[in-house]
Structure formats: structure tokens, C-alpha cells
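Here is how the chains run, residue by residue.
There are 2 protein chains.
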Amino acid sequence: MRIITISREFGSGGRELGKRMAELLGCAYYDREIITAIAREDSLDERYVEKMMEGPSFMTYPITIGCTLSYPPYAKQNEISILISQQRVMKKLAAKGDCVVMGQGADSILNEYQPVKLFVYADMEAKIRRCQERRPKGEYLTVRELQREIVRVDLGRAKRYELITSSKWGNKENYHLCVNTTGIPIKALAPQMADYARFRFEMEKQETSEIE
Amino acid sequence: MRIITISREFGSGGRELGKRMAELLGCAYYDREIITAIAREDSLDERYVEKMMEGPSFMTYPITIGCTLSYPPYAKQNEISILISQQRVMKKLAAKGDCVVMGQGADSILNEYQPVKLFVYADMEAKIRRCQERRPKGEYLTVRELQREIVRVDLGRAKRYELITSSKWGNKENYHLCVNTTGIPIKALAPQMADYARFRFEMEKQETSEIE
Numbered sequence: 001m002r003i004i005t006i007s008r009e010f011g012s013g014g015r016e017l018g019k020r021m022a023e024l025l026g027c028a029y030y031d032r033e034i035i036t037a038i039a040r041e042d043s044l045d046e047r048y049v050e051k052m053m054e055g056p057s058f059m060t061y062p063i064t065i066g067c068t069l070s071y072p073p074y075a076k077q078n079e080i081s082i083l084i085s086q087q088r089v090m091k092k093l094a095a096k097g098d099c100v101v102m103g104q105g106a107d108s109i110l111n112e113y114q115p116v117k118l119f120v121y122a123d124m125e126a127k128i129r130r131c132q133e134r135r136p137k138g139e140y141l142t143v144r145e146l147q148r149e150i151v152r153v154d155l156g157r158a159k160r161y162e163l164i165t166s167s168k169w170g171n172k173e174n175y176h177l178c179v180n181t182t183g184i185p186i187k188a189l190a191p192q193m194a195d196y197a198r199f200r201f202e203m204e205k206q207e208t209s210e211i212e
Numbered sequence: 001m002r003i004i005t006i007s008r009e010f011g012s013g014g015r016e017l018g019k020r021m022a023e024l025l026g027c028a029y030y031d032r033e034i035i036t037a038i039a040r041e042d043s044l045d046e047r048y049v050e051k052m053m054e055g056p057s058f059m060t061y062p063i064t065i066g067c068t069l070s071y072p073p074y075a076k077q078n079e080i081s082i083l084i085s086q087q088r089v090m091k092k093l094a095a096k097g098d099c100v101v102m103g104q105g106a107d108s109i110l111n112e113y114q115p116v117k118l119f120v121y122a123d124m125e126a127k128i129r130r131c132q133e134r135r136p137k138g139e140y141l142t143v144r145e146l147q148r149e150i151v152r153v154d155l156g157r158a159k160r161y162e163l164i165t166s167s168k169w170g171n172k173e174n175y176h177l178c179v180n181t182t183g184i185p186i187k188a189l190a191p192q193m194a195d196y197a198r199f200r201f202e203m204e205k206q207e208t209s210e211i212e
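If you're matching them up, the sequences are chains A and B in order. In terms of my numbering, the first sequence has 133 at position 133, counting the first letter as 1, and numbering is strictly consecutive. In terms of my numbering, the second sequence has 44 at position 44, counting the first letter as 1, and numbering is strictly consecutive.
Take the hints with a grain of salt, since some may be wrong.
To be verified - So, partial list: chain A residues that the calculated Cβ filter (under 7 Å) puts toward chain B:
1) CYS27
2) TYR29
3) ILE150
4) LEU163
5) SER167
6) LYS172
7) HIS176
8) ASN180
9) ILE184
10) PHE201
11) MET203
Stated by the list, open to error - Lysine to aspartate or glutamate pairs mimicking DMTMM-like chemistry, simulated, CA-CA at most 20 Å apart:
12) B:LYS187 - A:GLU207
13) B:LYS92 - B:ASP42
14) A:LYS137 - A:ASP154
15) B:LYS187 - A:GLU149
If you're looking for bench data, these hints aren't it; they were derived computationally from the structure. All figures in this text were calculated on a predicted structure; none of them were measured in a lab. In this text, a Cβ means the ideal position worked out from N, Cα and C, and glycines have one as well.
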């Protein structure tokens with residue numbers, strides 16, 4: 001099984017890189033699919049699952065679950081159940097075959113598959129520029145607001161990562177390769193990273209056959 | 001000018017990677033050469049220069065300089081003079097043409113040349129194994145002693161890096177690519193990294209020609 005996990009800073013182009021790598025390697029790409037599957041399996045609203053998986057660990061506002069309205073501490077209980085579902089869903093998807101899995105602690109959850117683990121990052125200035133270029137129609141955030149948003153999203157990712165893996169999000173020790181996308185078009189970078197993934201898979205195959 | 005700077009954890013195989021990349025790219029390789037040049041220019045003992053460039057910022061033991069014996073605070077003064085020489089020597093070498101420069105804050109000192117900046121690291125276990133495999137004849141250190149030595153050398157590198165660059169050694173933000181060598185033969189990794197360097201140089205060339 002050839003699995004690539006990609007953790008990334010918000011605005012670094014990690015998602016585009018993951019999609020392009022999956023295309024180049026001819027394998028599945030899982031990102032939003034994981035949220036959809038959790039929502040379906042747990043009969044929860046997709047947006048709610050997404051919020052829970054994005055935000056910090058403790059939610060302090062009411063949220064709709066399916067058709068009912070939930071307040072903490074129900075939220076906390078749901079959060080734990082979502083975490084469990086996430087692991088189940090992710091492993092089920094991974095078992096289907098070669099894939100690229102975005103974020104969500106996949107590098108730790110899918111560790112048994114010996115995935116190639118990438119971390120994608122960029123300078124704050126580059127991340128802000130990227131967010132500006134890709135902003136939804138009608139949305140206009142100032143540079144300061146964008147920076148705050150980037151920090152907020154990444155803080156949520158870091159908190160959830162630490163909850164799942166008990167290790168620090170973005171610490172290079174957790175990954176095989178950390179790549180800075182500042183000033184590099186993702187389209188040009190993707191074949192490089194796909195090559196690197198192929199190389200790592202080849203190395204692991206050799207190592208396995210040596211052990212055998 | 002095509003310059004690659006390589007910072008590395010002790011025992012990660014960064015030096016071997018640098019040498020192999022220089023061979024593959026057909027360019028100069030500077031590591032020990034910088035120390036030799038500083039010693040020559042400043043009429044200092046090579047081992048002394050090496051010790052100063054390896055160790056932490058404040059030395060608290062007597063050391064021989066050329067033929068004389070020096071005690072702090074002379075050492076402090078020499079340390080500053082070595083730092084200045086280091087910058088001069090490094091820029092002189094870089095100006096000669098394409099090269100790979102190992103450690104010593106080269107990523108910051110040579111920033112004007114827009115070098116490709118790599119950081120090489122590995123798990124502690126892998127670094128210890130590598131040190132054991134490459135230990136000088138007759139030297140035998142226990143695993144605990146090796147680990148202490150690895151931490152000591154890297155602490156020295158970190159301190160000197162911070163002194164030169166005012167930024168944190170090993171922080172991925174300072175580099176273009178951070179590569180984990182755990183379980184990967186350097187000989188196999190080198191062509192991958194040389195390819196990546198070529199790719200980055202190509203990208204920069206395109207960007208420059210767009211600006212022009």
C-alpha cells in the first residue's frame with residue numbers, strides 16, 4: 001500500500017499539492033471525503049463535523065446536530081465520538097488502496113501503513129498572498145484579518161493533532177520531508193514531490209525485501 | 001551563482017549528502033576548507049578555530065593560539081574576530097562559483113546569493129547508529145555517551161547559528177527543504193536532493209527573468 005499523508009499550514013498550498021500529487025501518482029485523494037463519511041456514519045451535519053475537526057478542542061457555543069440543538073457538555077462527547085469515527089473512516093479509506101490523505105493526524109492514524117509523511121509550509125507573507133488570490137467572491141478580509149485567520153486555523157489544527165498524536169504539529173521530527181512553498185508555483189513543485197514519494201516507496205520496498 | 005547551504009544535525013549524514021550533491025552537480029564543496037582559510041588568514045591554529053566554531057559561545061578553559069596560551073577574555077575577543085573572518089572567507093569562496101557550503105550559518109551569511117537552503121535531520125536512534133558505524137578506530141562510546149555527544153555538538157551549532165543569524169537553528173522556516181534521513185541511504189538520497197536543488201535554481205532563474 002502506498003500512502004502519502006500531507007500536513008500543511010493554512011495558505012501554504014498543501015491542498016493543491018496533495019491533489020496534484022494524487023493525479024500524478026494516479027491514486028485516490030482524501031480530504032473532504034473523510035468529513036462526509038463521518039457525518040454519514042454518525043448521522044451528523046457535515047458542517048458540524050467540519051467545525052469540530054477544525055476548531056479547538058473545547059467548543060463553547062451551541063451547535064445543531066442533525067435536527068437537534070446541542071450544548072456542551074454534549075459537544076465534548078460528540079467531539080470524542082467524532083475522533084473515534086475519524087480513525088475508523090480513515091483506516092477504511094486507506095485499506096482501499098494507494099492514496100493521498102490530507103491532514104487530520106493521518107500521519108499518526110495510518111502509521112501502520114508506513115506512509116510517506118510530508119509537511120507543507122510557507123512564509124506568512126506568501127500564505128496571505130495565496131489566501132488573497134483564492135478568496136471566495138465577495139469576501140474581503142484585510143491583511144491583518146487574513147493573518148489572524150491563518151493563525152486561528154493552524155492553532156486549531158495543532159490542537160487537534162496533539163490530541164490525536166500526543167506530539168507537536170509541524171515539528172519536523174514527525175515528517176519525512178518538510179517543504180517550504182514560498183515563491184514556488186505548486187504546479188511546478190508537485191512533480192518534484194511525487195518523485196520524492198516514489199523514491200521513498202522504492203526505498204521501503206527494498207528494505208522490506210531485505211528483511212524478508 | 002548556484003549555491004546550496006546545508007545545515008545538519010550531528011550524525012544525520014548531512015556531510016555525506018553535501019559531498020555527494022556537490023559531486024552530482026559538479027560544483028565545489030566547502031566545509032573544513034573554511035576553517036583552514038580562517039586559520040591561515042588570522043594566523044591561528046586550525047584545531048583552535050575548529051573548537052571555537054563548534055563549541056558554545058563562551059569558552060571557559062585555556063586554549064593554545066598559534067604558540068601562545070590564551071585565557072578568557074582573550075578567547076571572547078578571538079571568537080568575535082573568528083566570526084568576522086568566517087563571513088569574509090565564506091563570501092570569498094562563494095564568489096568563486098557554484099558550491100555546496102556546510103553549516104556555519106552559511107544560509108544567512110550567503111543570503112544575497114539566494115542559496116537553496118537545506119536542513120538535514122534524523123531520529124536520535126538513527127544518528128547514534130550512524131555515529132557507531134563511522135566511529136574512529138579505537139574509539140568506543142556507549143549509546144548514552146554518543147547521545148550526549150550528539151546533543152552537545154548540536155547545542156554548539158544552535159548557539160553559534162543564533163549568534164550569527166539571530167534566528168533559531170533547525171527551525172524549518174529558515175530553510176527551503178528539511179529532509180529526514182532516518183532509514184534512507186545517503187547515496188540513494190543524494191540524486192533526489194540534487195534534482196530538487198536543480199529545480200529550485202530553475203524556478204529562481206524563471207522568476208528573475210520575469211522581473212527583468
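Quick rundown of the hints versus the structure:
Interface restraint check: A:CYS27 against chain B, minimum CB-CB distance 20 Å, threshold 7 Å, status violated. A least Cβ separation of about 23 Å between A:TYR29 and chain B goes past the 7 Å threshold, and the interface hint is therefore violated. With a cut of 7 Å, the hint placing A:ILE150 at the interface with chain B is violated, because the nearest CB-to-CB distance is about 14 Å. Among the interface hints, the one on A:LEU163 is violated; its C-beta lies about 22 Å from the nearest C-beta in chain B, farther than the 7 Å criterion.
Against a cut-off of 7 Å between C-beta atoms, the interface hint on A:SER167 is violated, since the closest Cβ of chain B lies about 13 Å away. With its C-beta approaching chain B no nearer than about 5 Å, A:LYS172 sits inside the 7 Å limit, and its interface hint holds. A hinted interface residue such as A:HIS176 counts as satisfied when its beta carbon comes closer than 7 Å to some beta carbon of chain B; here the least separation is about 5 Å, so the hint holds. Because the beta carbon of A:ASN180 sits about 5 Å from the nearest beta carbon in chain B, less than 7 Å, this interface hint is met.
Annotation: interface hint on A:ILE184 holds; nearest CB of chain B at approximately 6 Å, less than 7 Å. Violation of the interface hint for A:PHE201 is found here, the shortest Cβ-Cβ separation to chain B being roughly 12 Å, above the 7 Å cut-off. For A:MET203, the shortest C-beta to C-beta distance to chain B is roughly 6 Å, which falls under 7 Å, so the interface hint holds. Only pairs whose Cα atoms come within 20 Å are accepted, and B:LYS187 paired with A:GLU207 is accepted, the gap being roughly 15 Å.
A threshold of 20 Å between alpha carbons decides the hint, and for B:LYS92 with B:ASP42 the separation of about 15 Å falls inside it, so the pair holds. Annotation: proposed proximity of A:LYS137 to A:ASP154 is violated, straight-line Cα distance about 23 Å (limit 20 Å). Restraint check for B:LYS187 and A:GLU149: not satisfied, since their Cα atoms lie roughly 43 Å apart, outside the 20 Å limit.
Checked against the numbered hints listed earlier, the structure breaks hints 1, 2, 3, 4, 5, 10, 14, 15; every other hint is satisfied.
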